[in-house]
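Colleague: Now for the letters of each chain:
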Amino acid sequence: MAEQVPLVDYLVLGDAPHLTAHECTTCGARYFDRRNGCASCGTDEFTTVDVATTGEVRAFTIVAFAAPGVRVPYVAAMVDCGGTSVRANLINVEPDPEHVTLGMAVRLATEVIGTDERGTEAIGFGFEPVPAGA
Amino acid sequence: MAADDLWILGIHMTKFGKHPGQDLVDLASEAVAGALADGGVTMADMGVIGAGSLMAASAGIGQQLQKQLGQTGIPVYNVANACATGATALRVAAMAVKSGEVDMGLAFGVEKLSGAGLLAGGSRL
Numbered sequence: 001m002a003e004q005v006p007l008v009d010y011l012v013l014g015d016a017p018h019l020t021a022h023e024c025t026t027c028g029a030r031y032f033d034r035r036n037g038c039a040s041c042g043t044d045e046f047t048t049v050d051v052a053t054t055g056e057v058r059a060f061t062i063v064a065f066a067a068p069g070v071r072v073p074y075v076a077a078m079v080d081c082g083g084t085s086v087r088a089n090l091i092n093v094e095p096d097p098e099h100v101t102l103g104m105a106v107r108l109a110t111e112v113i114g115t116d117e118r119g120t121e122a123i124g125f126g127f128e129p130v131p132a133g134a
Numbered sequence: 001m002a003a004d005d006l007w008i009l010g011i012h013m014t015k016f017g018k019h020p021g022q023d024l025v026d027l028a029s030e031a032v033a034g035a036l037a038d039g040g041v042t043m044a045d046m047g048v049i050g051a052g053s054l055m056a057a058s059a060g061i062g063q064q065l066q067k068q069l070g071q072t073g074i075p076v077y078n079v080a081n082a083c084a085t086g087a088t089a090l091r092v093a094a095m096a097v098k099s100g101e102v103d104m105g106l107a108f109g110v111e112k113l114s115g116a117g118l119l120a121g122g123s124r125l
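Chains as they are written, first to last, in our numbering: chain A, 1 to 134; chain B, 1 to 125.
Any given hint might turn out to be false.
Distance condition first, Cα-Cα at most 25 Å in a straight line; then the derived DMTMM-like pairs of lysine to aspartate or glutamate [said to hold, decoys possible]:
#	chain 1	residue 1	chain 2	residue 2
1	B	K112	A	D33
2	B	K67	A	D80
3	B	K18	B	D103
Label pairs and their in silico Cβ distance ranges [unchecked claim]:
#	chain 1	residue 1	chain 2	residue 2	range
4	A	T61	B	A37	25 to 33 Å
5	B	G115	A	P97	26 to 34 Å
6	A	T25	B	A82	21 to 29 Å
7	A	L102	B	D38	17 to 25 Å
8	B	G17	A	E111	36 to 44 Å
Partial list, derived from the structure: chain A residues whose beta carbon lies under 10 Å from chain B [claimed, not checked]:
#	residue
9	A16
10	H18
11	G28
12	R34
13	R35
14	A39
15	D44
16	F46
Simulated from the structure, these hints should not be mistaken for laboratory data.
C-beta atoms are modelled at their ideal positions from N, C-alpha and C, and glycine is treated no differently.
If we strip away everything but chain A, and leave its shape as in the complex, we get:
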């Protein structure tokens, strides 16, 4: 299997891909990516927590225009994962209002977003609809 690298540091690959967040040990606020202090309470101690891989679409927009090379339309969304707000695209779904709705149940999914000349794959993430009955 080709070597894989995650698009962002907070995406953990492997058998059960998931996101991790910095959680403030004082107030519980969660943050992705770099963190110098808690923007909510001002303290600076954090633990790393796993973010739920299922969630609900809280807001979305269907993007119709983009720079050359970016496939459109695509769906940019805010997903509530057990109380943690995650910004990501909705993938593996028809990008139209008939298939994307507010409150729809989604789950984390990964996809190859690029491959370099050595065959190393860059892995991004999005959310896909949870199939009925799953």
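Based on the hints, put chain B in the right spot on chain A.
Modeller: Using the frame of chain A, we list chain B on its own:
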């Protein structure tokens, strides 16, 4: 004490050095968190920010700092003023207090020169 007296509640300064493991926002965060702690206050107490950086003012260093330590809805002024950049940031906060607009203000200045002395700004391959 006159009505227009100003008090400096807290200060902090990072050590001078190359800091290869810290970027501009790391340095600013360390200084600001240290100054707030020294003053016994938090970002929520601040009414204005004067953010000084000759090279990163136009990159919104004040907003970058706020994203890390607290976006509390206060005005932020990014200033660049040659060797008076830090003093100008301080003046912005001081004037806001003296005008009566705010009770407390934060001023910081940050610059990372390590690696920036090359003609291409260190970006040339």
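Colleague: Which of the listed hints are not met by the structure?
Modeller: Violated hints (numbers, rising): 3, 4, 5, 6, 7, 9, 10, 11 and 16; every other hint is consistent with the structure.
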